[in-house]
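With the hints as extra help, turn the sequences into a complete structure.
There are 2 protein chains.
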Amino acid sequence: MKARVHITLKSGVLDPQGRAVRNALTSLGFDGIDDVRQGKYLELDLTESDAERARAAVESMCARLLANTVIEDYQIELEEA
Amino acid sequence: MKARVHITLKSGVLDPQGRAVRNALTSLGFDGIDDVRQGKYLELDLTESDAERARAAVESMCARLLANTVIEDYQIELEEA
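As given, the protein sequences belong to chains V and X, one line each in that order.
Using this note's numbering, the first residue of the first sequence is number 1, and each one after it goes up by one.
Using this note's numbering, the first residue of the second sequence is number 1, and each one after it goes up by one.
Check before you lean on any hint, since a few could be wrong.
As the list claims (entries may be wrong) - Derived BS3-like pairs: lysine-lysine, alpha-carbon spacing no greater than 30 Å straight-line:
hint: 1; chain 1: V; residue 1: Lys10; chain 2: X; residue 2: Lys10
hint: 2; chain 1: V; residue 1: Lys2; chain 2: X; residue 2: Lys10
hint: 3; chain 1: X; residue 1: Lys10; chain 2: V; residue 2: Lys40
hint: 4; chain 1: X; residue 1: Lys40; chain 2: V; residue 2: Lys40
hint: 5; chain 1: X; residue 1: Lys2; chain 2: X; residue 2: Lys40
hint: 6; chain 1: X; residue 1: Lys2; chain 2: V; residue 2: Lys10
hint: 7; chain 1: X; residue 1: Lys40; chain 2: V; residue 2: Lys2
hint: 8; chain 1: X; residue 1: Lys2; chain 2: V; residue 2: Lys40
hint: 9; chain 1: V; residue 1: Lys10; chain 2: V; residue 2: Lys40
hint: 10; chain 1: V; residue 1: Lys10; chain 2: X; residue 2: Lys40
hint: 11; chain 1: X; residue 1: Lys10; chain 2: X; residue 2: Lys40
hint: 12; chain 1: V; residue 1: Lys2; chain 2: V; residue 2: Lys40
hint: 13; chain 1: X; residue 1: Lys2; chain 2: V; residue 2: Lys2
Said to hold, decoys possible - To spell it out: a stretch of chain V is covered by chain X in this simulated footprint if at least three of its residues, at any positions, have a beta carbon under 8 Å from a beta carbon of chain X; those stretches are:
hint: 14; region: 18-26
hint: 15; region: 43-50
hint: 16; region: 57-66
Just so you know, the hints here were simulated from the structure itself, not pulled from any lab data.
Note that the coordinates shown come from a computational prediction; the quantities given were computed from them, not determined experimentally.
Beta carbons are placed, not taken as given, at the ideal position from N, Cα and C, and that holds for glycine.
Given below as structure tokens:
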């Protein structure tokens, strides 16, 4: 089973990396960019084939290692391999 | 208009960051992880409201700044604001 995980800063948390990307794009001549937010994206290949157990495992991975839940949210999508 | 951009390493390109995440998860006791690939995720708020023009602009941003197209692929999704 494949898990796709998006880890994004909670809204309201300052995103200096996104701000830097926006400024770089603007200085390259790209106009009309209101905001850029940068997050992380992870693809995990799991041997687990039960969706419920796989989701529980990935939730636990996010909470314990992948995301900093003080400032970050995570979203998990599962896909049959 | 909102654009969501996924930037991932092309398949075949070694992903040491993903490997480190997999090893860290394994050492925390999470078994059954075959592989982890790490990518970037960007959300752009654009003033452009025409989907075709927005996509063309974001394609150009990816090719010129956001992605290293030698080793990375990008995928763009657009969403009405």
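Hints, one by one, checked against the model:
Annotation: proposed proximity of V/Lys10 to X/Lys10 holds, straight-line Cα distance about 29 Å (limit 30 Å). Between V/Lys2 and X/Lys10 the CA atoms are separated by roughly 17 Å; this keeps the pair inside 30 Å, and the hint holds. For the suggested pair X/Lys10 and V/Lys40, the alpha carbons sit about 16 Å apart, so the restraint of at most 30 Å is met. For the given pair, X/Lys40 sits about 5 Å from V/Lys40 by alpha-carbon distance, which is consistent with the 30 Å threshold.
For the hint linking X/Lys2 to X/Lys40, the alpha-carbon distance of about 17 Å falls within 30 Å, and the restraint holds. For the proposed pair X/Lys2 and V/Lys10, the alpha carbon gap of about 17 Å is at most 30 Å, so the pair holds. A distance of roughly 17 Å separates the Cα atoms of X/Lys40 and V/Lys2; the hinted pair therefore holds under the 30 Å criterion. Annotation: proposed proximity of X/Lys2 to V/Lys40 holds, straight-line Cα distance about 17 Å (limit 30 Å).
For the proposed pair V/Lys10 and V/Lys40, the alpha carbon gap of about 13 Å is at most 30 Å, so the pair holds. The suggested pairing of V/Lys10 with X/Lys40 holds, with an alpha-carbon distance near 16 Å, which does not exceed 30 Å. Between X/Lys10 and X/Lys40 the CA atoms are separated by roughly 13 Å; this keeps the pair inside 30 Å, and the hint holds. Taken as a hint, the V/Lys2 and V/Lys40 pair is honoured in the structure, with Cα atoms around 17 Å apart against an allowance of 30 Å.
For a cut-off of 30 Å, the pair hint linking X/Lys2 to V/Lys2 stands: about 26 Å separates their Cα positions. Coverage of the region 18-26 of chain V by chain X holds [criterion: at least 3 residues with CB-CB distance below 8 Å; count 4]. Using a Cβ-Cβ cut-off of 8 Å, 6 residues of the region 43-50 of chain V lie near chain X, which meets the minimum of three, so the contact claim holds. Only when three residues or more bring their CB closer than 8 Å to a CB of chain X does the claim for the region 57-66 of chain V stand; here the count is 6, and the claim holds.
In this structure, none of the earlier numbered hints is contradicted; all agree with it.
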